[in-house]
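Trainee: Protein chains in written order, with the numbering used here: chain H, 92 to 264; chain V, 92 to 264.
Hints are computed from structural coordinates only; laboratory data are not their basis. Values in this document were obtained by computation on a predicted structure and should not be read as measured data. Watch out, some of these pointers could steer you wrong.
The list makes no distinction among identical chains, and a pair is therefore deemed to hold if it is satisfied within one copy or across any two copies.
Straight-line C-alpha distance at most 20 Å; calculated EDC-like pairs for lysine to aspartate or glutamate [said to hold, decoys possible]:
#	residue 1	residue 2
1	K219	D149
2	K185	E147
3	K170	E191
4	K219	D175
5	K253	E191
6	K139	D160
There are 2 protein chains.
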Amino acid sequence: MRRMAFLLVGVVTMIGVAGYVVTPSGHAAEEAAPIYGVTIPQGYRDWKLISVTHEEGDFNQLRAQLGNDIAIRAYRGGKLPFPDGAIIVALHWKRIPSEEDNKAFGKAQAFVAGPAVNLQVMVKDSKKYAATGGWGFGDFKDGKPSDAAVHEKCFPCHAPFKASDYVFTRYAP
Amino acid sequence: MRRMAFLLVGVVTMIGVAGYVVTPSGHAAEEAAPIYGVTIPQGYRDWKLISVTHEEGDFNQLRAQLGNDIAIRAYRGGKLPFPDGAIIVALHWKRIPSEEDNKAFGKAQAFVAGPAVNLQVMVKDSKKYAATGGWGFGDFKDGKPSDAAVHEKCFPCHAPFKASDYVFTRYAP
Numbered sequence: 092m093r094r095m096a097f098l099l100v101g102v103v104t105m106i107g108v109a110g111y112v113v114t115p116s117g118h119a120a121e122e123a124a125p126i127y128g129v130t131i132p133q134g135y136r137d138w139k140l141i142s143v144t145h146e147e148g149d150f151n152q153l154r155a156q157l158g159n160d161i162a163i164r165a166y167r168g169g170k171l172p173f174p175d176g177a178i179i180v181a182l183h184w185k186r187i188p189s190e191e192d193n194k195a196f197g198k199a200q201a202f203v204a205g206p207a208v209n210l211q212v213m214v215k216d217s218k219k220y221a222a223t224g225g226w227g228f229g230d231f232k233d234g235k236p237s238d239a240a241v242h243e244k245c246f247p248c249h250a251p252f253k254a255s256d257y258v259f260t261r262y263a264p
Numbered sequence: 092m093r094r095m096a097f098l099l100v101g102v103v104t105m106i107g108v109a110g111y112v113v114t115p116s117g118h119a120a121e122e123a124a125p126i127y128g129v130t131i132p133q134g135y136r137d138w139k140l141i142s143v144t145h146e147e148g149d150f151n152q153l154r155a156q157l158g159n160d161i162a163i164r165a166y167r168g169g170k171l172p173f174p175d176g177a178i179i180v181a182l183h184w185k186r187i188p189s190e191e192d193n194k195a196f197g198k199a200q201a202f203v204a205g206p207a208v209n210l211q212v213m214v215k216d217s218k219k220y221a222a223t224g225g226w227g228f229g230d231f232k233d234g235k236p237s238d239a240a241v242h243e244k245c246f247p248c249h250a251p252f253k254a255s256d257y258v259f260t261r262y263a264p
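The whole structure should be built from the sequences, with the hints applied where relevant.
Mentor: Structure, rendered in structure tokens:
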């Protein structure tokens with residue numbers, strides 16, 4: 092019986108690897124993005140800040156880009172291309188008014204990060220992702236990957252930026 | 092002679108403590124802000140992200156707030172007031188267009204962090220700063236503290252926000 096249970100765990104784990112990745116903490120199973128198989132990296136919210144973005148127009152978002160230690164070292168050292176293992180995560184939030192700031196300044200001029208819109212992940216693996224500049228891409232909403240059509244747009248959008256190793260974001264001082 | 096040298100070092104160190112703080116790395120001496128004596132905390136650029144802000148109007152800035160581990164734990168645990176030792180640093184940058192994003196989207200709609208404008212620091216010490224809600228404030232430009240007139244404005248601006256322990260920034264998801 093105990094052996095059966097172990098076998099069952101093994102099978103479930105294998106199913107997990109195919110469509111999901113069981114995270115090291117074991118608390119959550121993240122579904123992998125189509126095409127690239129990229130998942131939301133564990134602990135990304137603790138990563139160091141690269142920079143921030145304000146997207147006007149249809150987006151009306153505030154964004155922050157965080158990097159794992161490999162990415163941050165490359166940025167700070169000014170080394171391109173990024174080494175394998177570098178991961179950049181972009182947090183996209185709805186841009187909402189800041190009651191606090193506006194009250195303090197007596198003007199409606201301040202906006203802050205509101206609810207999360209989506210999360211984008213770039214993973215550097217020059218062999219695995221050789222066809223897309225060495226980067227794998229993942230787009231997630233509420234922790235779930237967007238569909239293949241969304242992911243087909245990632246690299247064409249980044250392709251013109253070979254000079255910065257296909258990365259938009261520059262490191263903020 | 093060696094004893095003289097030691098004495099001299101001691102005197103220089105004492106002078107240092109009065110107007111400056113010799114950083115643990117020994118590489119730089121940071122001048123302390125007037126009124127509060129707050130200095131730029133070592134390694135703050137490695138701290139975790141709290142949230143981001145867009146200030147329109149006269150500011151035209153993008154901002155990010157980072158917290159030390161004590162501050163981040165308090166935010167994530169929803170615990171107010173912040174415990175002593177909590178430090179929040181706000182990085183204020185000029186908001187500049189993003190050539191990369193605008194090219195990728197075919198629209199002039201993206202802005203990113205440009206040159207640093209100033210850096211603001213809030214340090215929680217409920218005894219030392221009892222008269223100002225338990226917070227000491229520091230405003231720095233190019234690593235140098237702004238004058239006393241600037242620092243006199245800090246607490247009056249934060250005073251209405253007792254409910255959030257005088258802190259404007261909310262933690263972004």
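Trainee: Work down the list of hints and note, for each, if the structure agrees.
Mentor: Cross-check of the supplied hints:
1. K219 - D149: Neither: 34 Å inside a copy, 47 Å across copies.
2. K185 - E147: So K185 and E147 pass the 20 Å test inside a copy (11 Å) and across (16 Å) alike.
3. K170 - E191: between (40 Å within a copy, 19 Å between copies)
4. K219 - D175: within (10 Å within a copy, 47 Å between copies)
5. K253 - E191: Between copies only: 11 Å across, 41 Å inside.
6. K139 - D160: Both, since 8 Å and 13 Å are each at most 20 Å.
Comparing the model with each numbered hint stated earlier shows that hint 1 is the single one that does not hold.
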